[in-house]
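Colleague: Each chain, letter by letter, is given below.
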Amino acid sequence: MARVITVAVVDDDRMLRDGLRAWLADVPDLRLVATAGTVAELLADPVCGPGSHGPGGTGGPPADVILLDLVLRDGSDPADNIRRLLRTGGRILMISTVPDRSRIIEAIRAGADGYLTKDHDLPTLVAAVKDLAEGRGAHSMELAFACAYDDSPARPRLSPRERQILLDYASGMTLKSAARRAGITVHTAKDYLDRVKAKYQQAGRPTYTKLDLALRVREDSLDGG
Amino acid sequence: MRSGTHRAQSFLIVATLLYRGSHLTVAVMAVVHRPRHLPLQHLGFAAALGLSVLAYGTALRRGWFDPRHIWADILVTGCVLPLALCAWGGVREPPTIAWAMLLGGSASAAAAITLDRLHAVAAVALLVVTHFIGYQAVGATPAVVVGHLNSLVSSAVMTWVFRWYLLRQGRLLDEANARALAAEAHKARYAERLEHHRALHDTVLATLTTLAAGAVDANAPEVRQRCAHEAAYLRRLIQQTADEVPHREIGAALEEAVRSVESLGLRVTAQYHALPQVPPEVAAALGHAVREALNNVRRHAGTGHAYLTATGDPDGSGGAVVTVVDRGPGFDPEQCDAGLGLRGSVHGRMTEAGGRATVDTAPGEGVRVELRWPG
Numbered sequence: 001m002a003r004v005i006t007v008a009v010v011d012d013d014r015m016l017r018d019g020l021r022a023w024l025a026d027v028p029d030l031r032l033v034a035t036a037g038t039v040a041e042l043l044a045d046p047v048c049g050p051g052s053h054g055p056g057g058t059g060g061p062p063a064d065v066i067l068l069d070l071v072l073r074d075g076s077d078p079a080d081n082i083r084r085l086l087r088t089g090g091r092i093l094m095i096s097t098v099p100d101r102s103r104i105i106e107a108i109r110a111g112a113d114g115y116l117t118k119d120h121d122l123p124t125l126v127a128a129v130k131d132l133a134e135g136r137g138a139h140s141m142e143l144a145f146a147c148a149y150d151d152s153p154a155r156p157r158l159s160p161r162e163r164q165i166l167l168d169y170a171s172g173m174t175l176k177s178a179a180r181r182a183g184i185t186v187h188t189a190k191d192y193l194d195r196v197k198a199k200y201q202q203a204g205r206p207t208y209t210k211l212d213l214a215l216r217v218r219e220d221s222l223d224g225g
Numbered sequence: 001m002r003s004g005t006h007r008a009q010s011f012l013i014v015a016t017l018l019y020r021g022s023h024l025t026v027a028v029m030a031v032v033h034r035p036r037h038l039p040l041q042h043l044g045f046a047a048a049l050g051l052s053v054l055a056y057g058t059a060l061r062r063g064w065f066d067p068r069h070i071w072a073d074i075l076v077t078g079c080v081l082p083l084a085l086c087a088w089g090g091v092r093e094p095p096t097i098a099w100a101m102l103l104g105g106s107a108s109a110a111a112a113i114t115l116d117r118l119h120a121v122a123a124v125a126l127l128v129v130t131h132f133i134g135y136q137a138v139g140a141t142p143a144v145v146v147g148h149l150n151s152l153v154s155s156a157v158m159t160w161v162f163r164w165y166l167l168r169q170g171r172l173l174d175e176a177n178a179r180a181l182a183a184e185a186h187k188a189r190y191a192e193r194l195e196h197h198r199a200l201h202d203t204v205l206a207t208l209t210t211l212a213a214g215a216v217d218a219n220a221p222e223v224r225q226r227c228a229h230e231a232a233y234l235r236r237l238i239q240q241t242a243d244e245v246p247h248r249e250i251g252a253a254l255e256e257a258v259r260s261v262e263s264l265g266l267r268v269t270a271q272y273h274a275l276p277q278v279p280p281e282v283a284a285a286l287g288h289a290v291r292e293a294l295n296n297v298r299r300h301a302g303t304g305h306a307y308l309t310a311t312g313d314p315d316g317s318g319g320a321v322v323t324v325v326d327r328g329p330g331f332d333p334e335q336c337d338a339g340l341g342l343r344g345s346v347h348g349r350m351t352e353a354g355g356r357a358t359v360d361t362a363p364g365e366g367v368r369v370e371l372r373w374p375g
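Protein chains in written order, with my numbering: chain A, 1 to 225; chain B, 1 to 375.
Be aware that a few hints might be false.
To be verified - Across the chosen pairs, the derived CB separations fall in these ranges:
1. B:E334 - A:G19: 24 to 32 Å
2. A:S76 - B:A213: 47 to 55 Å
3. A:Q202 - B:E175: 49 to 57 Å
4. A:R87 - B:N177: 58 to 66 Å
5. A:H187 - B:T358: 25 to 33 Å
6. B:H197 - A:R87: 43 to 51 Å
7. B:A206 - A:A127: 31 to 39 Å
What the hints assert, rightly or not - To give a feel for the contact side, a few chain A residues facing chain B, derived at Cβ under 8 Å:
8. L43
9. S96
10. P99
11. D119
12. M141
13. E142
14. F145
15. Y149
16. A170
17. G172
18. M173
19. S177
20. R180
21. R181
22. H187
These aren't lab readings, by the way, just hints derived from the structure by calculation.
Positions of the beta carbon are idealized from the N, C-alpha and C atoms, including for glycine.
With the hints as constraints, model all of the structure from the sequences given.
Modeller: Set out below in structure tokens:
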């Protein structure tokens, strides 16, 4: 039998937490181990908090995948929430009701591994959680859309191929169809998407100096954006 | 439209120009009818005419006087000319100098409206002193001297009062226009909000109220589908109004298309970004083409789910790119009739509006329709 993937949820909407609990209860390979309204609440949970060794004392991270609401009602900074949760060793899948693009980009820069809006069906959510738990990148149309139309000066530079795959995937095509259109294999197409995300995560790591930003703006205007 | 202040200034330029014009006319008559004083009188008149053309020409061209030109006019036409005529022009009686003295009146009028207060007072005082000396030199009677000095000062005072009044009216007019404009914008925003409220009332609010009343089973498939549609509608609404200056033409046209197929059971995931402003007929063509493409998804894809994106052209040219994508079985573009609807009506509508439609598909690969404007 496949290893059971542990999942934690941080969302300030209790109805959504209950809904997810009911949803995930029927999924054989996933186990919801904790739900909380804020990051602090989750970290204080004896199952997930510091010093715990995960459910069942396995010694691994407290939860393999943490579903984190993009904007929490306690006014906490999404990037800060992500960094605190990353320290537990889990991987983070952002969820939100409305795709707020600048915040999505911020979350990916801060180290989140994926992003979904809450209107997806269960199989899509389960597939994303499994991808993350198995160390793969989780991709979604809304994340691709946010990256494809990111016009902030700090955006990373994408190659024309990366850009094309990103745009086609953002338009709702399956990765397979986007790959066919570009004349490449699905694996290569997925590599491109992984690379785009990695560029964002890398760009998020060091704090930009003003000089870096100025250079970036100049580069962008030199090659016509 | 020109502002009230600008109009007041133009009026003042024309009024003082007419005043100067009347003085120049008198000067022409005087110079022409006294040929014996030829050289200096002609030279003086030419100088006054040249400075008038410079000062008023510039003012008409730029919208207002250049204070340096006005000072030059005061000094040359107003001061040097009368004194020079007295000293070297052989003028010995008041009537022969009168035309030059008269020009001082229009110089003083222009100075009063152009120069700041201190400079204007200094300029008028200078004119008064010079002209007093000039008339004394030719032995004018006190009545002539007092009458002339009075006209110098009153020209200045009157134009200054006109300027004060007209600029004030101009400013009031500008303020009233700005208020009217703001009220109009406010009214437009209010109408838009009302429209949103009405839409929300007919959809989301009605659904929520029904659910809250407990009269329907919230888990019934049709209720859940309706909730999903309402949620999708709210998402699109938020995305459409996210831009700082939302252009509603494309957004409204797409919304109509989406709602028409949603009511037939198709689920549409829409993403919008920076929708550009396009002519109404282009928005209508895009809306029509999208509706056809979505209907095509509903009829042929068999997935019940379409993906719609609408963005400004990434190259920043102000164009629009709209895609309709499904993940259904697709078709072989070489030999299939399924594409007929797409080719005919989608292509036709886009081409008519100066745009372009491209269909990309293969067996098992879904269909991607891309609409571009301009083509």
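Colleague: Does each hint hold? Answer for all of them.
Modeller: Here's how the hints hold up against the structure:
no.	hint	verdict
1	B:E334 - A:G19: 24 to 32 Å	47 Å, violated
2	A:S76 - B:A213: 47 to 55 Å	36 Å, violated
3	A:Q202 - B:E175: 49 to 57 Å	54 Å, holds
4	A:R87 - B:N177: 58 to 66 Å	60 Å, holds
5	A:H187 - B:T358: 25 to 33 Å	27 Å, holds
6	B:H197 - A:R87: 43 to 51 Å	45 Å, holds
7	B:A206 - A:A127: 31 to 39 Å	34 Å, holds
8	L43	31 Å, violated
9	S96	11 Å, violated
10	P99	7 Å, holds
11	D119	6 Å, holds
12	M141	7 Å, holds
13	E142	7 Å, holds
14	F145	5 Å, holds
15	Y149	4 Å, holds
16	A170	7 Å, holds
17	G172	2 Å, holds
18	M173	5 Å, holds
19	S177	4 Å, holds
20	R180	6 Å, holds
21	R181	6 Å, holds
22	H187	17 Å, violated
Comparing the model with each earlier hint shows violations of hints 1, 2, 8, 9, 22; every other hint is respected.
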